[in-house]
Each structure stands twice: as C-alpha cells, then as structure tokens.
Amino acid sequence: MNAENPWTDLTSAALLGAGRGLATIQLPGRLNELLAGSDAEDRLLRAAGVLATAQAAAATAIQPAEAAPAPAPPETATPVTEPELTALLARILEEARAPLLVEASGLLAGAARCLPPRLLPRALELGRKSSALRAPLRQSLGQRGAWLAAQNPDWNYAVLAGVEPAEQRFWDEGDIDQRTAFLRWLRADDPAEARRLLETAFPGEPARHRALLLPCLRANLGPDDEPFLAATLASDRSKDVRLAAAALLARLPASTFARRMAARLEPCVRGEKKLLRTVTVIEPPETFAPEWKADALEEQPPASVKLGARAWWLAQIIGYAPLGWWEEKLQSTPADVLALAAKSEWKAALLAGFRAAIGYQPDHAAWTLAVLERGGFPPQEAVELALALEPASADAALQRLLAATEDATLVARIIEAADFAWSLALWRAAQQRLPRWLAQQDWRFRSALVLLACRIPPAALSEEMTWPEPSLFADAIADFSHVLEQRRTLYRCLRPSPD
Amino acid sequence: MLPSRLAPSSTFWCGYSTLHVSVLHKANGNVNFSVEQVAALAPDEASIKAGRGLVNPAKWPTLGQSDDAIWGECQGSGGKPYQISVDRGGPAFKCTCPSRKFPCKHGLGLLFLAAEKPALIKAGDPPPWVADWLASRRTKAERKAATPAARKDAPPDAEAAAKRAAKRLERMRGGGAELARWLADQVRHGLATYPQQPPVYFAGVAARMVDAQAPGLATEIFRLEALIRSGDGWPRRVLGQLGRMYLLTEGLSRFETLPAPLQGDLRATLGWSVEKEDVLADSSPVTDEWQAVGQSFAERDQLWERRTWLLGGACSKPALLLDFSHGQRNFALPLAVGVSFQATLAFYPATWPLRALLVDAPGQTRPLSEPFSTQPDLASALAAHAKALAANPWLLNYPLAIANVIPVRGRESWRLRDAQGTELPMRMSEPDAWELLALSGGQPIHVFGEWGDGALRVLSGWADGFHSFITP
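As you go down the protein sequences, you meet chains F and R in turn.
Under the working numbering, the residues of the first sequence are numbered 1 to 499, in order.
Under the working numbering, the residues of the second sequence are numbered 1 to 472, in order.
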C-alpha cells in the first residue's frame, strides 16, 4: 500500500477491477477504522468515498511559482461610469456597426474618456476580427485596454493603446499598422524627419512593409522627397513598392519623372491640317520603349484592364503625366480637352488615363469636375471615380451625383462607400431625395438606410426626420431612428454643445 | 425537486453575458425592472435578442405606465400594432401577438425599453384594454387567495403523511440497494472501459433511480458520466464519485437512525424534497437585510433551475433560494442580483443550513452600495468550506465570498490570487474571465462564487461597484 498517496493503489485496483486480487486497502490514520469488515468491493468504494470527501475538505491554496503580473498603469483618460453611457456603449459594441464604433471611439478620445473596463474585452475582440476597427478602437481602450491586450496574443494590435502615436515606441515596438500611424503623425509634424527615418529603415524592411510605409509620405509631399522616391523607383526589388513610388512622383508635376511622362506624351498629340483648320489627333505610342520599364510602366495590360496593349501604354502615361501639360499644350480648358477625348477613337484609354491622373493630382478641382461631368461615364463608374477622390472633392462630386440620380441601388453604394465625414450639403442632397429612393423599395437601399443614419453630420443630428407612412421599410426606418437616437445620446454625453 | 448540481453543459448565456447594468431606474416614482432582471424572465436567448431589438421608441406608437402596469403598442410586420400590457406585480404579461413564447418578445422589449429609457414612458391612466385585463387579473387573484386558505383550515392528516413517507422511503431504499449492487459490479469489472461506454449504459440505471423516487441518485449518475469526460486524471475523480454514491446508499440504508438535520442533508441530496409548509413550520426564520450576490441558471429535461445566493447583511450567513420552472425560463418571482432587500427566510432542515425559502414577499430592493461581506483570504474561505463539509459531507457547491483577490491568467487556466500570494483555480467562461480581469486591472477585488470540484465558479465581483456574471 502506498502510504503517501492512497489514491494510486485505489485507482489502479478500480481500473483493473477489484476482483483481480485487490491488496488489503489501508487508509491513513483513523480513517482506516471506517473500513472494518466488508467485501473487497465495498471496502474499495467506501475508501474512495471517504478519501474523496476528506480530500475535498483538505483543499488548500497553492503557492504559485511566478509573481503576479504588474497591475495596469493608472488611467490617463477618465473611464466611463455613467449608467446611460455605459449601457449605450455596451449596445454599440454588441451591435458592432463599424461607423458607430469608430464615431463613439473618436468622441470618447476627444472628451479624454475611455471605455469602462468591463467592455474592454468585447472591444478588443471586435478589433481582432476587423483590422479596419483597430486604429479607431485603440483611441478609447485606455491604459487598461493596453494592459489587457498585452496578456492575450490575439489582441496584440492594441498593446500600445493609450500611448500617443507620437511616441517613438510606436515606431520601435509596434506592428506595421502602428508604425505607419507613427510615420503619418511624424510626416504631419516634421516632413523631412519622417522621410529621413523611412529612408534609414527602408533597406531593412520586408517588401510588404515597404509598400505600406512609402505611401505615408503622401502628406506634405514636396520636391525634397524626389531623390528618395526616384531612387526607390529605380532600384527597389518589389514591383508594388516601385508602383507606390511612381504614384507619389506623379503627384509632383515638376519631378523629372512627371516631365519624362510629358515628353512621352508629346509625340502622341499632334495637330493635323484638315481643309481650313487644324485638328488635334491623339494616338498611342507605336512601340513600348525598353527604358519605360524603369518608370514602372507595364507592357502587358493586367487582366482587370479592358484595353489593348497600345491603349494601355497611353493610359498609363496620361495617368502619370501632369494634368497641367494638357492645358498648356492645347491651350484649352479641361472641359475642352475632355470633349476632344470623347471624340477620339482612343476614348477608353484617354478616359482611363485622365481618371488615374485626377486620382494622383486631386488639387485640380476643375479637372475633377470636368471628368465627372464630361467624362461620359455611366453613373456607376462616375460614383466610383468620385469615391476615389480626397474627401473634400468626393463630397462635392457626390452632391452633384446624388442630386441627379434616381437609382436607389447606386445611392446605396454611395452610402456604403463614402466613409468620410459628410458635409451638411451632402446630407441635405441625400435628405431631399430620400422619399423618392424609399419609394423604389430597393433591397440594397433598405440595408444601406441604417448606415445613412451614421452619415448625418453632427450639426443636423437634432433635426426631426419625417417619413412616408406607411412604408414597407418600416423596420429599416426604425433601425435608422435607433442609430440616430444612439448618435444623439453619444453627442449629448460626450460633446455637449457650448451653451 | 431535482437539484441539478452538475456543472451544466448548456451554453444558454454564452456569448450573451451582456449588459449587466444592475441599476434599478426610478421613473415617475415607479421602480422598473433592470435590464438583467428582464433578461432573466426570457424563455430563451432568441427572445432576449428579439426583445432587445425592440428597444427603439420608433417601433412603439403608444407607450404608457401607471403604478400597476406598463403598456404599449408595438408595430409588427402586419397592419395593426400588437397591444402589450405588463402587470408590475408578478410580473405578468399579455400580448395580442400570435407568438407561443411566453413572455413574447414584445413584452420583453417593453420592459427592456422601460429599463433603458424610462423617461420615454409617460405616466397616465391605463387605456381600457389594459385596465380590463388588470381588473380580471385582480379578480382571479382574489378568488385564488380564498381557496388555499380554505384548504389550510383542514387539519393535516399526520398519519396519512407518515404512511406516505414510509412508503416512499421503502422505494428509495430499494433503489439504493440496487445502486449499491451496481456500484460493486462497476469496481469488480473495472473502470478501464468507461470512456468507451455508450450513454445508454448509464441512462438505464439513472432511469431506475428516478423510478425508485430517488432523482438525486440519478443526478449523481449524470455527474459520474460528466467526470468520465473530465480529462486527465479522470479515474481518480470517477472513483471518488463512485465512492460518494456508495456512501449515499449506506446513509439511505440506515436513514431512520440518523438525526433529523442529517436526514435533511440526505433528503436534499437524494432529491426527496421537504414540503414548503414543513420548512415554514419547523425552522426558526431569520430576518435580515439580504444581499443578492450571485445567480445561475441550469436546465435539464426542460426543467429550469435558478439558484440565487443571498448573504445576510447582519448575520453574514449565506442562503440559497432555489426556484424551478418547467419548459421555459420563466420564474414566478423576479430576483435580480446586486441588490439587497429586507426579508425573512426559513431554512430547510440541515446540519449546515443553506437552502432557504422566502417566508413572504421581499421588501423594496435597493442597489448594493457597499461591497458584500467577505472572508479575508483564500485560506479562511477554504477553512469555512471544510467546516461546512465536516457537517454535511454531501455538499457539492459552497458559497464563498473572498476579499482582495486578483484574477490571474495562467498558461492553461484562470486562477485567483489572494493577499497572501496563494492561488486557487477559478472556473468561468473565457469571455467572462477576461471581463473579470479587465475589471480588476491587476488590483485586488472582491469575488463571490460557488466552490466545488476544486475550483471557484465566480458569479459576481465587486470592483468600483457590483458586477454579476450570470451563467448557465
């Protein structure tokens, strides 16, 4: 009998079966008296019962080997404790509507508040599932959230929550998402220092990171950046990185890159004498010059592009060339240039090129509007074009599109994709035509309706909405009102009006 | 009764341990049910979700409340809105919707709305469709109240009751003897093949225990089955359980020779409930300000069990209120945690009384404003458990309130560490455990839970306020 641990003998006897010669069972001390005079099976069972009870009563706390983890650092923001706001935030986390989560997180951060501790795991889980939510959520997780995240590898993305992106730790210890955040912050603050930092780190970074970090230079882009970008375009091993460098160089119309593109365009545009007047003719290049490869131009059109090879070359060159070149060369307005393009037999290539160029050179508002209005794009494509613009230009362009469209499906697409702070004018444009779109009973519009409540600018939140009654979309309208009410409460609690 | 003390396998609340904002709103002088109280009334999780979807004033063209009732009209998919009234006393529900669930989502939605946005529900006189229903309920209640009073007047037939008890004991003892033989067979043949046994192997003997009117023994067999699947080291736990069952059959075989409190312990474990009237008559009731500190729900074969743990504010005693509901999770008395109320409890006969009955309806509830009373550390909490177990060896779950512990996430398990630096395993769902950790922030907090099978199942905590973890 094993005196140290009577369980060892008991369990092996029970596993094999007590019939197979069970040794006399002994229990420690006086417990043994309880076993007197029974069959082998009874003795085994009784011993097990007594031992199990004695053991349950003898449970003791264990002395752990490791020290307890350090407690969370004190909170710098004030955690929400108000019942109303706590319940609302819990609800928003539960319903997980991305725009509302982003807005709530931003409002909390703006008011120097953070999520109540109990809601942190749910918020962290949402960020784990959706990387788009990570940066916004990090703003409201506070020190407690970061402390919690450090204990769960799934929540690694939030380890630096509550740390200002301005801290060097973001760059030194963060994941790629945090490092781009740091670089963007630095770029806004000290453009030259940001470029210097990136230039130093660049050779040691994997291609995927280089392709993500380089676009951070878009803010405050200037002639000083050209040498680094040109060197990257010339020598980087990754095609994605070279394309990113070309996209930035295209934003610098004075760069030698942009000038090379203009020079390539020159032979494609010429005047032809016809009867009494000169007609402008646009023709793609005849051949693909080998040195073009070094400027990130592609010889073969990708599968997604529905253009022939020559048209594709022309489209790329137009995309990278300065838009101003056209006005100078043809001595005409963007609208006239487009009118000319629309008549050309290479219309598709020209429009694709101009579309890319306004993406790279969004400052040319006249071009943007001209492309949208005169480009002759079907509304679906015009919307995509408008959505590709910087928010301010997109907002203006979408106002015109919304005011003109009867197509509720298209409106749904706009509501879903225009993920920026809407101007009051854009909201008014939508609000005015809301009843007409509702009347179409479009199912995509129905599901986008609740999102529209997220797009209302704060200044218009308190306005009462009127709805056609009865409506087949009563449920969607109720959801709209629910989200509107949630946003009103958020603003009332977190950004009270000054009066 | 059927005390299902197994670690329940149902995942009723998992993923939905949401929003336990245990604040009782006071609107227009009326105390509304809290969000968690309403959730506890729901027949299933789908109803909770559907009800929460109705927390939207836009869906309610009409809303109103009086001292007795809350009512509203809710726009459904059809033309005419449904009319819902809730009698606060009860609460009782009436809705014109065709749902077979009770309460339906509209009733729950109305109460959720009243809990979250009390200001939206204007006070006023009930419209006729509410008033008529309330009046008919009052009449029925009065008629009902008259009937049991008449029955109570009749003298209890003590002789007949004793005869019935003797007959039942005889049947149970027969069941016990059969179980003892079964147990001996088990260890004679060996337990090595247990993991391969089909469920029917245990279902048969469990059914025979129910037939023998010893449902508690059937519960022990389910527990045995669960322990076979409890991972590494199962033979020892399974053998311990077989031993426990054997000791129960021995106790049953000499039931009459045991002192009354010990008989009470045994009856509770065997599932032979003591009549409520007997409990009320025999025990010396305890009046106190009781703090409701933990609640859990479990279901087996359509029978819902609600366990509500109370701690006496003055007497510091724990008490367990068990409620049962057939088919749906719908209990006659809504009991929320995180509140205290004045009440008189009658304890069931036991060597270490825990289970109790409310002698009459509890008084006004108040949210807990201070932490519940606790043991200073793990060692003293375990000492209290050992003392209870020495009195009643059948105790499986023992309430422990412990001060100043830190939840710690180990590599494979969650633990609680006290001020002495010692630790005990804690049993919580993964999301709940993270929430408890988040609440603590690595600082000591107070926890309340059920200690059993070597781990503390945390039901609530105190960290800048009361937080409950309602689990199945």
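Mixed in with the good hints there might be a few duds.
[What the hints assert, rightly or not] Derived contacts from chain F toward chain R, CB cut-off under 10 Å, selection only: (1) Ala14; (2) Gly49; (3) Thr78; (4) Thr81; (5) Glu84; (6) Ala112; (7) Leu126; (8) Leu148; (9) Pro290; (10) Lys293; (11) Ile477.
[What the hints assert, rightly or not] Residues from chain R that keep clear of chain F, each with C-beta distances beyond 10 Å, as calculated: (12) Pro199; (13) Val205; (14) Tyr246; (15) Ser373.
Just so you know, the hints here were simulated from the structure itself, not pulled from any lab data.
Ideal Cβ placement from N, Cα and C applies to all residues, glycine included.
Of the hints stated earlier, which fail here? Numbers 3, 6, 7, 9, 10, 14 - these are the hints that the structure violates, sorted from lowest upward.
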